[in-house]
Amino acid sequence: MNLTLKIWRQKNANTKGAMETYKVENISPDSSFLEMLDILNDQLVNEGKEPVAFDHDCREGICGMCSLQINGEPHGPGRGITTCQLHMRKFKDGDTIYIEPFRARAFPVIKDLVVDRSAFDRIQHAGGYISVNTSGNTQDANGIPIEKHKADKAFDAATCIGCGACVAACKNASAMLFTSAKVSQFALLPQGETEATERVMNMVKQMDLEGFGNCTNTGACEIECPKGISLENIARMNREYLKASVK
Amino acid sequence: MSGFIKSSIARKVAMALSAIFLLLFLLQHFIINFSSVLSADLFNEFSHFMGTNPLVQFILQPILIFGVVFHFVMGFILEAKNKSARNIKYVQYKGNANSSWMSRNMIYSGIVILAFLGLHFYDFWFPEIAHKYVHFLPEDPNRYFGEMVEKFHDPVRVALYCIAFVLLALHLLHGFSSSFQSVGFNNKYTPAVKKIGKAYAILIPLGFIFIALFHYFNSL
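Quick note, the sequences are listed as chains A and B, same order.
At position 114 of the first sequence the residue is numbered 114 (UniProt numbering), and the sequence of numbers has no breaks.
At position 150 of the second sequence the residue is numbered 150 (UniProt numbering), and the sequence of numbers has no breaks.
It is worth saying that the hints were derived from the structure and are not from the lab.
A portion of the hints provided could be inaccurate.
Claimed, not checked - To spell it out: a stretch of chain A is covered by chain B in this simulated footprint if at least three of its residues, at any positions, have a beta carbon under 8 Å from a beta carbon of chain B; those stretches are: (1) 39-45; (2) 66-74; (3) 95-104; (4) 212-224; (5) 233-244.
Claimed, not checked - Facing chain B, from chain A, some residues (calculated, C-beta under 8 Å): (6) M19; (7) V204; (8) D208.
All C-beta atoms, glycine included, are put in the ideal place defined by N, C-alpha and C.
Modelling step: build the complete structure from the supplied sequences, incorporating the hints.
What follows is the structure in structure tokens.
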């Protein structure tokens, strides 16, 4: 496959960026999108040019590190996948592909396609945990019986890998799907009840402080989420927040 | 408390509650308007009651005005905040791939509805308030039907009304179910709420359009 790539290049956080055009040739349809970028970078290095910086780590769809807005969609075309799981067979020979960083005020660009998503870490630090004694006398996991459907929903929420596709897809750059998944995974379980009030209040407060937008229920986040995190979680977070507010 | 008021969730819940209140108001407004198609006397009777009942005039009407103003002002505040949350726009943004046009353009359908409300107030509400509370004209319980029909003589006005109601339908196609989601209502009944919302969003504006056209063609 021969492709034209329009890629956002930005030297660092303080400089202005712009789209630049590159050509890549003889790309196998079976290569992954990130492998295609590796080939481009090899080409750029051989030409004595600066390679394109992009985030990646596990390349198995579980770490949440790869990002990229590809042809106007986070993680590109296809559903339930991260960019590392996207293959070039999704494109046609001769295509022009637009590759941009995830855009949000709360996700500033560090370099080229790499954005700083530590806002998510700060939201998580604000309350996305339970305080358990880990000094050797931890309770058996099956000591507290939990309804199957609740355990399943908590597990589903916990599959969020914090990649930021929800923010990138949302027209408002809202982080409510991420925050609600992190609230829900504990709110659904008895172990999470003890800190439920502080958790939701502190996490929402931090989410707002980071400068994310407000959710307007377009549902784009749910569609683009590689892990299929449901809007149900946002409704649950709203309920948890209202409940916590009147306590 | 100030933290609660400023929070994104409290704002969206407030937005949703004002929307649900306006949905209920719109339904009763439609029922009264539709009575004009059935009988002039029935419409006059409803209108006279609504126009003279102190509970409606001095309690429900101010609440309604507050609800309308709040919904618009909060809508603009949230839109401004949301716009600033993405300071650099995408070169390519495929909104249609993951969300409906209606859900992404609530502000624009809302602005058209706001402009329509300006015309609607100019046509009905301001003259009504002036009639009762400025000029203190004597109450004629049979005046309402004639006053209403007179406005629908004008084809331009009828066309503007129809366009505004199409935009209202688009606004409600997203807004109805969205308001339930915002107040935390997402459960096994959600598919039913979405269906009811779709029916409401299409039938009620279509009904208003029918009423306007009915009186226009009857006046020819």
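Hints versus structure:
{"no.": "1", "hint": "39-45", "result": "violated (count 0)"}
{"no.": "2", "hint": "66-74", "result": "holds (count 4)"}
{"no.": "3", "hint": "95-104", "result": "holds (count 4)"}
{"no.": "4", "hint": "212-224", "result": "holds (count 11)"}
{"no.": "5", "hint": "233-244", "result": "holds (count 8)"}
{"no.": "6", "hint": "M19", "result": "holds, 6 Å"}
{"no.": "7", "hint": "V204", "result": "holds, 6 Å"}
{"no.": "8", "hint": "D208", "result": "holds, 5 Å"}
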